[in-house]
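Got two chains here, separate frames each, mind docking them using the hints?
For the record, the sequence lines run as chains A and B. Count along the first sequence from 1, then add 4; that gives the number in the numbering used here. Count along the second sequence from 1, then add 379; that gives the number in the numbering used here.
Note that these hints are calculated values from the structure, not bench results. The reader is advised that the hints may include incorrect statements.
Stated by the list, open to error - Stretch by stretch, here's where chain A covers chain B in the computed footprint (C-beta under 8 Å, at least three residues):
| no. | stretch |
| --- | --- |
| 1 | 417 to 429 |
| 2 | 505 to 519 |
| 3 | 528 to 538 |
What the hints assert, rightly or not - Calculated pairs, DSBU-like style, for lysine-lysine (alpha carbon to alpha carbon, straight line, at most 30 Å):
| no. | chain 1 | residue 1 | chain 2 | residue 2 |
| --- | --- | --- | --- | --- |
| 4 | A | Lys231 | B | Lys517 |
| 5 | B | Lys559 | A | Lys532 |
| 6 | B | Lys508 | B | Lys497 |
Ideal placement from N, C-alpha and C gives every residue a C-beta, glycine not left out.
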Amino acid sequence: MSHQILLGDEAIALGAVHAGLSAGYSYPGTPASEIMEYLVRLAGETKAFTAVWSVNEKVAYEEALGASFAGKRALVSFKHVGLNVAADPFMNSAVTGANGGLLVVSADDPGMHSSQNEQDSRYYVQFAQIFAYEPSDHQEAYDMAREAFDVSERFGLPVLMRMVTRLAHSRSPVQTREPRGPNELKTGAAKDWTLLPVNARRRFALLLDRQPEMVRFSEESPFNVLKLNESDRSLGVIASGVGYNYFREAMKGEAALPSFLKVSTYPLPESLVRELVGHVDAVLVIEDGYPFIERQLKGLFGIAGKTVLGKLSGAFPVTGELSPDIVRRALGRDPLPAVAASGLPLSGRPPQLCVGCPHADTFKALNKALENYPGSNVFSDIGCYTLGALPPYNAVQTCVCMGASVGMARGASDVGLHPVLSVIGDSTFAHSGITPLLGAAFANTDMTVIVLDNATTAMTGGQPSYGTGERLLRIIEGVGVAKEHIRTIEPLPKNHEKNIQVIKEEIDYRGLSVIVAIRECVQETRKKRS
Amino acid sequence: MKQDIILAGVGGQGILSIAYVIDNAALADGLFFKQAEVHGMAQRGGAVQSHMRLSSDAIWSDLIPKGEADMILSVEPLEALRYFEYLRPGGIVVTSLTPYRNIPDYPDIDRVLEAVRKAPRSVVVDSEKLAREAGTVKAQNIVLLGAAAGSLILKEASLLATIDALFRGRGAAVLEANLKAFELGKKAALGA
Ligand code: SF4
Numbered sequence: 005m006s007h008q009i010l011l012g013d014e015a016i017a018l019g020a021v022h023a024g025l026s027a028g029y030s031y032p033g034t035p036a037s038e039i040m041e042y043l044v045r046l047a048g049e050t051k052a053f054t055a056v057w058s059v060n061e062k063v064a065y066e067e068a069l070g071a072s073f074a075g076k077r078a079l080v081s082f083k084h085v086g087l088n089v090a091a092d093p094f095m096n097s098a099v100t101g102a103n104g105g106l107l108v109v110s111a112d113d114p115g116m117h118s119s120q121n122e123q124d125s126r127y128y129v130q131f132a133q134i135f136a137y138e139p140s141d142h143q144e145a146y147d148m149a150r151e152a153f154d155v156s157e158r159f160g161l162p163v164l165m166r167m168v169t170r171l172a173h174s175r176s177p178v179q180t181r182e183p184r185g186p187n188e189l190k191t192g193a194a195k196d197w198t199l200l201p202v203n204a205r206r207r208f209a210l211l212l213d214r215q216p217e218m219v220r221f222s223e224e225s226p227f228n229v230l231k232l233n234e235s236d237r238s239l240g241v242i243a244s245g246v247g248y249n250y251f252r253e254a255m256k257g258e259a260a261l262p263s264f265l266k267v268s269t270y271p272l273p274e275s276l277v278r279e280l281v282g283h284v285d286a287v288l289v290i291e292d293g294y295p296f297i298e299r300q301l302k303g304l305f306g307i308a309g310k311t312v313l314g315k316l317s318g319a320f321p322v323t324g325e326l327s328p329d330i331v332r333r334a335l336g337r338d339p340l341p342a343v344a345a346s347g348l349p350l351s352g353r354p355p356q357l358c359v360g361c362p363h364a365d366t367f368k369a370l371n372k373a374l375e376n377y378p379g380s381n382v383f384s385d386i387g388c389y390t391l392g393a394l395p396p397y398n399a400v401q402t403c404v405c406m407g408a409s410v411g412m413a414r415g416a417s418d419v420g421l422h423p424v425l426s427v428i429g430d431s432t433f434a435h436s437g438i439t440p441l442l443g444a445a446f447a448n449t450d451m452t453v454i455v456l457d458n459a460t461t462a463m464t465g466g467q468p469s470y471g472t473g474e475r476l477l478r479i480i481e482g483v484g485v486a487k488e489h490i491r492t493i494e495p496l497p498k499n500h501e502k503n504i505q506v507i508k509e510e511i512d513y514r515g516l517s518v519i520v521a522i523r524e525c526v527q528e529t530r531k532k533r534s
Numbered sequence: 380m381k382q383d384i385i386l387a388g389v390g391g392q393g394i395l396s397i398a399y400v401i402d403n404a405a406l407a408d409g410l411f412f413k414q415a416e417v418h419g420m421a422q423r424g425g426a427v428q429s430h431m432r433l434s435s436d437a438i439w440s441d442l443i444p445k446g447e448a449d450m451i452l453s454v455e456p457l458e459a460l461r462y463f464e465y466l467r468p469g470g471i472v473v474t475s476l477t478p479y480r481n482i483p484d485y486p487d488i489d490r491v492l493e494a495v496r497k498a499p500r501s502v503v504v505d506s507e508k509l510a511r512e513a514g515t516v517k518a519q520n521i522v523l524l525g526a527a528a529g530s531l532i533l534k535e536a537s538l539l540a541t542i543d544a545l546f547r548g549r550g551a552a553v554l555e556a557n558l559k560a561f562e563l564g565k566k567a568a569l570g571a
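Just chain B, with the same shape it has in the complex (with noise of 0.2 Å):
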């Protein structure tokens, strides 16, 4: 059994978080990854990307070969695109809606959507709108994570007790929200 997954997005909007929930659970389901992330300059606002490779049998490779990832989980629609090479045939793109405009040249979102849906499996979901109806707009890594769960080969309840884990400290009302966009994550990918 394993799942290799890109996490993308730009610096700043919480891969990083979402990278530390899979790994969490990872480790109490007793699984063997390996999480390539980004630090340094890109984190400045740039295209970031994760990879995270988890599997019940050691792992060699840090990164992803082309070809292998089941799976990209990405905070932001264009970035989602920069990573299909490295998805298998047959593999799952989750995607944010809602473009992430900090350059000049941002492509038509309607033809970054269709290029999506053109993945062999796709769920977009519309994380602005979930997290802010969850209570917190910061929360769409977590709308996103929740939408993927379905997909993941790791167990709900061990992503639930890492959210749990990550926010308790940050407050009743954080962690509250946090978990409500779990839910409405998974909800809308039921849907989608």
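Excised from the complex, chain A in its bound form (with noise of 0.2 Å):
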């Protein structure tokens, strides 16, 4: 058909679109936001199918779940630490078992460009014990997404697909191809889908049966290649995703390539892996992400005769992302003759909070109120304003993961600190904040939690809010928060006095009270505007 230029997270959404899907549902978070972006235009355009950015992730997994159940295609995606927040309904989907094709894009950041961690969500896919997918290249991530549907459907179970940052946030064209339609409805089995001990021994006996098909499965996708070569058997390669392109790259010029095996489909190919550590003395593995593949390899006691080259042998660093660069060296190729670098000490540039943001006003009206309370803890969490942790503000001390502040918080003000804070965005109270204020509403805890709501989910690039303004306030209420204690401010530097005065007034009130910080992001305020 045609090419379009896509980044890898649109080619896996268009894949999902042209395999069928009915639906899809998300929470934003780098490097996944721009799959569900460009479902929710392209739905937006074609009315073909729905597209929802959730309230969180485990939600976000439950609704696709649901439109799987009712016979429908449905795709949920996220960055990897999504993935933790929907563990619960993965970890029991692979139990129930999937009935229209359901595909898990879980999008692992290497080198932690945007991140907390740099977790491999291939373990998940071990964990779950289902079949998964790794791309390398943007055809494929279509491709494989197209495919994955399938697949879901023939073992009735979801298939998650791994990214990874450099591949997601990648533009290359690819080839489309005729686009089918949707499933009709049709309803899970209810013996299959209600987990009681009884039926959850059955399905998770299944899933188990299943594995052998599943490893011939892989063992048969052409998408995994195993060349052997015949003249030289001193090394072998093992390279999945992103890695085997470092290593072709690394390769390029060279008459030859040695052995290697490409991967992309989990379980391991077994009988393609003893094929090639069979015919070398000596492996090395490519791997974007932890030493998932190695490991499995060297077992507890290696391999008899041979040599298991990777990150746990040394051969590449531990952690970070993996660069063409890196992986030539663990060849054993010279580096390329390269210009020298410019001598001068160059400063770093991080990021920062945009001119203009609303946080800013926020963070310098809470360090002069906290400047007389020495003692005092500001628990943060994930969003722009965690920017607010470095210098010029230094304004709060924690950022662990989505909605940890208010939990957080809780603990510290329980076992004795005062003051104490939380600082949490308006979307990412309402994807996990809600939940731990309940509890502290109900017992009253001496804290002060700050909801700074600037009407959008602004990291990731300005995604809708669903606690936001009149409803935030209210659902503030209505979890139990005193209305007396319930305060709002607008950050603006002419307020500054002001604002100062209602923080003060709240940390020592010794009691629970929430701050809602109300403005506008000015990135979003600029999108209306043109």
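Next comes the structure, spelled out in structure tokens:
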């Protein structure tokens, strides 16, 4: 058909649409946001399917699972840590199974470009014992997303696609094919989907029974490629995802390639792995993320008579993102000649709050209000405002996971800290801040929560927020916070003194207060104007 | 035939628009390309870069290996320096001379420009002045694209057609200014 220029993320989205997607769900998070951005745009144009920004990843997963139960093809996407939030329905959906094809996209962030950790989603694949794809380029992302729905329906299980930042945010032309229509409605079998122990035991046994078939399917997948070099048995390469690209890049211009196995599906294509390892003396495993394949190869005792090289052996750094340069070195090739660094000491340029950002005014007032409370602790959360941890503000002391600031503030207050504050954005509050506040309100915990209501999910580019404005105030009141301790401020330089006063008053109140700092993100204001 | 370009600048300076124009021109010219870009936190006023790879043959890595970049195209001079080790011997640096000072320890600009000029080949343009002359200071990125155009393996007509497609929807004045920005950048590079 035609060529379209797509981000890796968008290639997955379009592949899913062309496979007959009926519904997609997600919560924003780098590097996965562009999957749903694309689906929302396309759904708006074609009205052919549903595309929804969900309240959080767990909810997104459950919404997608419900669509699958109803027989339709569904997609759920999030960043790697989003899978932690969705882990409960994810693990159990491997037991219930899928009815309509269900594709789970989890985008890892090796190197932590925009994340709190570099966890590798392939461990979740192994944990849940389902089938997964790992694309190396845009065309594969599209093709695999299409195929994934058939595989999901064939095994009656969700299928995961593991992305990494580098491919998610790279653009390239993709050849698309004829789309197909959606499934008819057809609900799942109630006994399979009601995980009472009696049903769950039967379903879990079935999941285990299917494992050999999944391995065979992996072995037969054309996405896994084995090429043996008959004249050189010294070194073989196992490479997955973008690691495979770096391997081929490094070998450019060489007359012959070493034996290699390109791994694109999980569970590992075991027979192919055995064939490669049997053929060579040493194996170099090239994978972006954790040493997932390498660890399986090595086990506890290693492979007798063979050398396994990779992250665990020190051939690659254990942390950080792979690069063509790192892989080139590991393959024993000299670096390419290059221009020398300029020699001028280059000051770093870290990200910072936009000029005029409402958070800046809140942090200034907060810092001032806390001046005379040397033992104060400000727990914070995930969003643009996490940058408040950096100079010139140095205003917050934690960033752990979505919504953590509220629960952590309660814990710290319970054991005697004062004053204790939580600073959380409106979208993060809706995601995971309401439930801990419900408990704190019940206990009337001595803490002050500041909700930064900028009316959007700003960090990831301005997706909708479900708890903003009047609605946010009603939610806070609804969970049981005393009305007189729900305060609002407008973070603007002209209100600086007033805002300090409000924060001080609520700190001095030895119970639960919520201050809502209301002012729109300046990027959103700008978007509306243009 | 291949060309590897590091696009550099500060979040918000319009690097991704330059990439968009080059991507679409490459598609029109029948080239393979991969373009790795930065989203997320760094876009908030941090250093951003995009690896742009063009080739008549299939491309493997999304990232440019050190020593393979034929060009550094930067909207900010300090940012151009950050990627020197990617440049191949004989490679070219095309950059704006206008510093973007959102950090407290920005080095002396004369020393920055002196370092830029140590590249095997360099084109330094006053993109701010030229963009103003074209009608909008926002078009600095397109001034730089114009300054690089003579060194790109892409057809100028393909670049212009994409600029047209990108800005046409934003009104005749914006389109006009960006086309002029491209022209002024091109001229400046010839004189540099
Ligand atoms: S995007 Fe919005 S919330 Fe984020 S730093 Fe900029 S103004 Fe502040």
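Quiz item: Are the Cα positions of Lys231 (chain A) and Lys517 (chain B) separated by 30 Å at most?
Solution: This hinted pair is violated, its Cα atoms lying about 51 Å apart.
Practice problem: Mind taking a look at whether chain A covers the stretch 505 to 519 of chain B? Criterion is 3 or more residues with CB to CB distance under 8 Å. | Solution: violated (count 0)
Quiz prompt | Restraint status (C-alpha distance of Lys559 (chain B) to Lys532 (chain A) at most 30 Å) | solution = Roughly 27 Å separates the two Cα atoms, so the pair holds.
Quiz prompt | Within 8 Å of chain A (C-beta), three or more residues of the stretch 528 to 538 of chain B | solution = As far as the stretch 528 to 538 of chain B goes, the hint is violated, because 0 residues have Cβ atoms under 8 Å from chain A.
Quiz prompt | Straight-line alpha-carbon gap Lys508 (chain B) to Lys497 (chain B), limit 30 Å | solution = The hint holds at about 24 Å.
Self-check item: Within 8 Å of chain A (C-beta), three or more residues of the stretch 417 to 429 of chain B
Solution: Held - the stretch 417 to 429 of chain B has 10 residues with a Cβ nearer than 8 Å to chain A, which meets the minimum of three.
Checked against the numbered hints given earlier, the structure breaks hints 2, 3, 4 and satisfies all the rest.
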